[in-house]
Structure formats: C-alpha cells, structure tokens
Amino acid sequence: MDWNLWLPNLWKATVETLYMVGISTIFTIILGLPLGILLVVTDRKGLLPLPLLNTIVGAIVNIGRSLPFIILLVVVIPFTRLVVGTTIGSTAAIVPLALAAIPFFARVAESGLREVDKGLVEAAQAMGCTNRQIISKVLLPESMPSLILGVALTIISLISYSAMAGAIGGGGLGDLAIRYGYQRFETEVMIITVILLIILVQGIQILGNKLAQKVSKK
Amino acid sequence: MIEISHLSKVYRQGENELAALNDVSLTIPSGEIFGVVGVSGAGKSTLIRCVNLLEKPTSGSVRVDGIEMTGLKFHELREARKKIGMIFQHFNLLSTRTVSGNIAFPLEIDGISKKDRQEKVQELLSLVGLSDKADAFPAQLSGGQKQRVGIARALANNPRLLLSDEATSALDQQNTSSILSLLRDLNQRLGLTILLITHEMEVVKQICDRVAVLKEGRVLETGKVQQLISNPKSHISQAFFPPFEKILPNPSTLQTAITFIGPIADQPVLSSLAKKFDLEANIIGGSIQSISGSRIGRLHVVLGGQRTNEALNYLRGLGLLVEVY
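Note that the protein sequences, when read in sequence, are chains F and U.
Quick note, the first sequence lines up with residues -6 to 211 if you use the working numbering.
Quick note, the second sequence lines up with residues 743 to 1067 if you use the working numbering.
Some hints here could point you the wrong way.
Just so you have them, the derived chain F footprint on chain U, three or more residues with Cβ under 8 Å [as the list claims (entries may be wrong)]:
#1 842 to 854
#2 942 to 953
In silico DSSO-like links for lysine-lysine, alpha-carbon gap of 30 Å or less [said to hold, decoys possible]:
#3 U:Lys856 x F:Lys211
#4 U:Lys798 x F:Lys130
#5 F:Lys211 x U:Lys1018
#6 U:Lys862 x F:Lys211
#7 U:Lys862 x F:Lys207
#8 U:Lys975 x F:Lys130
#9 F:Lys211 x U:Lys815
#10 F:Lys38 x U:Lys824
#11 U:Lys957 x F:Lys130
#12 U:Lys875 x F:Lys210
#13 U:Lys815 x F:Lys210
#14 F:Lys210 x U:Lys857
#15 F:Lys111 x U:Lys856
#16 U:Lys857 x U:Lys824
#17 U:Lys825 x U:Lys856
#18 U:Lys856 x F:Lys207
Label-pair distances were calculated between CB atoms; the ranges are [said to hold, decoys possible]:
#19 F:Leu43 x U:Asp874: 26 to 32 Å
#20 F:Asp110 x U:Lys857: 30 to 36 Å
#21 U:Glu963 x F:Pro42: 36 to 42 Å
#22 U:Ser920 x F:Pro42: 39 to 45 Å
#23 U:Ser750 x F:Ser104: 33 to 39 Å
Just so you know, these hints were derived from the structure itself, not from any lab.
Quick reminder that beta carbons are idealized off the backbone N, C-alpha and C, glycines included.
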C-alpha cells in the first residue's frame, strides 16, 4: 500500500465526513430542537396544549423517522436541488442527512425535555413566568445534560448515515471504505477507515459524556 | 387576606367525574398562619393550587387581597402570582443554578437589574440563615437547607402571602422543627400571612393559628386551633387526644374526661380537688401538649366519693371542660 497515495485520500475523506456531519448537525439542532420543544409544549398536559398540532407534528416526525436513509437520500433529490442548487457532492448530502436527523433529534430532545420535573415548571408558573421564560430558563437549562447526550447520539447516527452519502457522490470515510476497501479488495484501506470511524465515534461520545457531566449539577 | 367561597373543582376522566373540592368556603385572615389538614386525597393540594390558579376552579370564587383571582387575564394573573410566594414538598429548585441563582430567579423574571438582584439575594440569604451556601448547588444541600432556599426564593418579590404545599413532609423531625420556627418567625417579623397544607398534626400544633379540616373535598370544621382543641368533639381535638376507652363501670365512681387549657394546666387542680371534696381521684390516662405556645391537657379521671357532683361544678367553675361518661 502506497501511503503517499492513500494519505491525501484518507485526509480528504475525513474532511468530507466532518464537513457533512458538522454542517448537518448544526441544521439538525437549529430545526430539531424547536420541533422537540413544540412536541413537549403542545402535548395534552403541556404548557400550551394543542392536541391537533401535536398529533400532526408527531406524525410528520414519525414519517421522517420511518424512511430508510438510503431511500430518503434519493427521494429528496428535487428538494436538495432547490436548496443547494446541486444534487451531487458533499454539500448535496447535507440536505438528506439533516432531514433524516431532524426528526430523530426532535424525539431525543423531546424525551430529554420531558424528564424535567413537573414540579419545576409548576414552581416557575407560581412565580409568574411566561411560557417562553419557562422554556428558556427552566426546561432548556434543566434538560441540558440530556440534550448534550442527545446531540452526541445524533452526531454518531449522522456519521453512520454519512457512509451512504457515497450514493450521491458525497464522499467521506464510509464511501472510501466501500469503494476501495470493499469493491476493490483493498483490505488495509477498509481497516484504516473503520479505525478512523471508531476513533471519531468514541471521541464524540467521550466528549458528549464529559460535557453532559460538566453541566449537570445533580 | 384570602376569601374562598363556594369553591368546587371537578376533574373529568371520560365518563367519570371526580369532585376534588366540593363547595369549600374559607376565610384566611391577614397575618395569620392557617393550616389545612387532611389525609392524602382530601383535596388539600387542589385547594392550595386554586389560590394562585395553578389549578383552575370549576366554580366558586377566590379573592386574594381583594382581587378576584378567577377573573384575571393571563398577564394579570402572572403579576398577581408574583405577589404570592409558594414553597413545595420537594423544594422544586433548579438543579443547574446555585443557591443564589435560585433565589435570584423570580427577580430575574421580574426584570430587576443585576445589582439590585445581588443585594436582595444577600438580604434573603441572611434572612434564612444560608449566607455561607450562596454558591452551592442544590444537590450539595440537606433537605432543610433546600427548603430554606425555597423559602428565600418565595420571599424574593416581597409577597404578603406565602403558600406552603406540604413544605415539611419530606423533612426529618429536626429539620421540620427548624423550618416551622423559621416560618413562625417570618410570620411575626414580616407580617406574612401563611396558608399551609399538611397531613401532619404536628405542624398544626406547632405553628397554626387557625385550621380547617378537609375530607373528601369538603371542610369538616374550621376555626382557631385553641378553640377546636378545647372542644372534645372536634376532629382536631380527637386527633391530639384520642378518645378514652370506657372502663368497667363501678356504680360508686364517676368516669370523667377533664380538659385543661392554658395556665391552669400547670396547677395542682386534681390534688386540691381531692382534698377539698374528700375524693379519690384516679388518673387512668391522658396527656398534656404544648400547642402554639400554650399548654392543653386532657385527663381521663375516675372520681370516687360522696361529693363528686359538687366537685364537677367546682371544676367547671375553674373554667375546665368536664365530660362525664
């Protein structure tokens, strides 16, 4: 195996993975968190019960979660073109990645927010908080450790999804492993990419745990 | 301070209706500590939550300081709530904020400047005796300390009314006592009116001026603790002094229950009675308790002798409550 040839390839694939996962994580949090908050708040027993809206949003989230990623990747091609102007490459892969992760993270955030003791919400209401204040000053800070772990979980799922991004020319470590390691029998490439992926996943999880522990004062 | 009239709360679960409160009327005078007692499920929790509208009453009226709470719009209700402090059984402190941060929370909600907040927090910390714990997180505190933080937080907006939802139920004996004396102290120093709910008679005994007994959503009795206790028929009295068992009748003796209230509980009434009327006085049961600072005793006494009737009149003349059975 010629390292001079492979090193730039591995580097490029790693950067592509980090790029796809990083950007899609940002969009996932920006859009998934409000969705999770919406699911909690509009619940029958929530701060602002809106059962119909809750059911509709819940159903959409479920649909998003039931589509296999490889299918989603293809189905959303017209939407991808609309958003980023292209349907191939790493940037194009970000759209389906985020679309797959948003409903996933919405559910993760929802369960984290639900863990917040109802008594805290009640105490805040008794103090005259608005719903907005309850969300920003009680629900979010108190569920922060769960949310951080949820983000770590989502990033790891995104790393795994991103291996399929090769189907639309997204590149990345997973793609490298499939094309060279599997299809061309370059076993070393396969092993190295897998090791890199393991390190990446471990690193994210450890970082997530550390951060969650740091913000949790329990 | 609080006028509750004909308050009802009905929970609907499908076809079933459950009346948590049934036509409850109570008046809580300003500056007093008013206790609502009852077993769990009696509706205490619903009642206290109807005062600051955490629960919306099905019908009836709740007036706090003259303001009809049930008629307020949401933003008016929020302003009204800021003037009513509340403490909870499980403290409900924010785990991610320090003691100071928790106490500052209601001030932050109210848009008070950071400098003023710090000043007020310092003042509240010393009021509840926690100045050295300002930077601790709730997880590092004992139950009693957590409740002190809860009390400081509840007082941050200078309320005239404090609602206490089983505030000592999760605490041990010692912490319960210290929290109760803190509440009594705040009541006296700040003129704070306190409405508390509890299932512990001990709380009523230690700090309540007035009490209401709630059962299955209805008020069984209400009044001054001292008066209720001195009435042997009241639920409160029976809770403190369990009814005496009747012993085997002896035609020549008289079984009596004598209730002593106040200073007379400290005097040797029975021995002077025995001498004066040449009686045999046999105490077979009873107890003396200290209730909100005054002593009340109830004794089960068997009197034997010729002049028992005279003796009973003498006791009644002293202001003692005497029952014969």
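Hint check:
| no. | hint | result |
| --- | --- | --- |
| 1 | 842 to 854 | holds (count 5) |
| 2 | 942 to 953 | violated (count 0) |
| 3 | U:Lys856 x F:Lys211 | 26 Å, holds |
| 4 | U:Lys798 x F:Lys130 | 24 Å, holds |
| 5 | F:Lys211 x U:Lys1018 | 68 Å, violated |
| 6 | U:Lys862 x F:Lys211 | 26 Å, holds |
| 7 | U:Lys862 x F:Lys207 | 29 Å, holds |
| 8 | U:Lys975 x F:Lys130 | 51 Å, violated |
| 9 | F:Lys211 x U:Lys815 | 37 Å, violated |
| 10 | F:Lys38 x U:Lys824 | 23 Å, holds |
| 11 | U:Lys957 x F:Lys130 | 38 Å, violated |
| 12 | U:Lys875 x F:Lys210 | 15 Å, holds |
| 13 | U:Lys815 x F:Lys210 | 37 Å, violated |
| 14 | F:Lys210 x U:Lys857 | 25 Å, holds |
| 15 | F:Lys111 x U:Lys856 | 28 Å, holds |
| 16 | U:Lys857 x U:Lys824 | 20 Å, holds |
| 17 | U:Lys825 x U:Lys856 | 20 Å, holds |
| 18 | U:Lys856 x F:Lys207 | 25 Å, holds |
| 19 | F:Leu43 x U:Asp874: 26 to 32 Å | 46 Å, violated |
| 20 | F:Asp110 x U:Lys857: 30 to 36 Å | 31 Å, holds |
| 21 | U:Glu963 x F:Pro42: 36 to 42 Å | 38 Å, holds |
| 22 | U:Ser920 x F:Pro42: 39 to 45 Å | 40 Å, holds |
| 23 | U:Ser750 x F:Ser104: 33 to 39 Å | 37 Å, holds |
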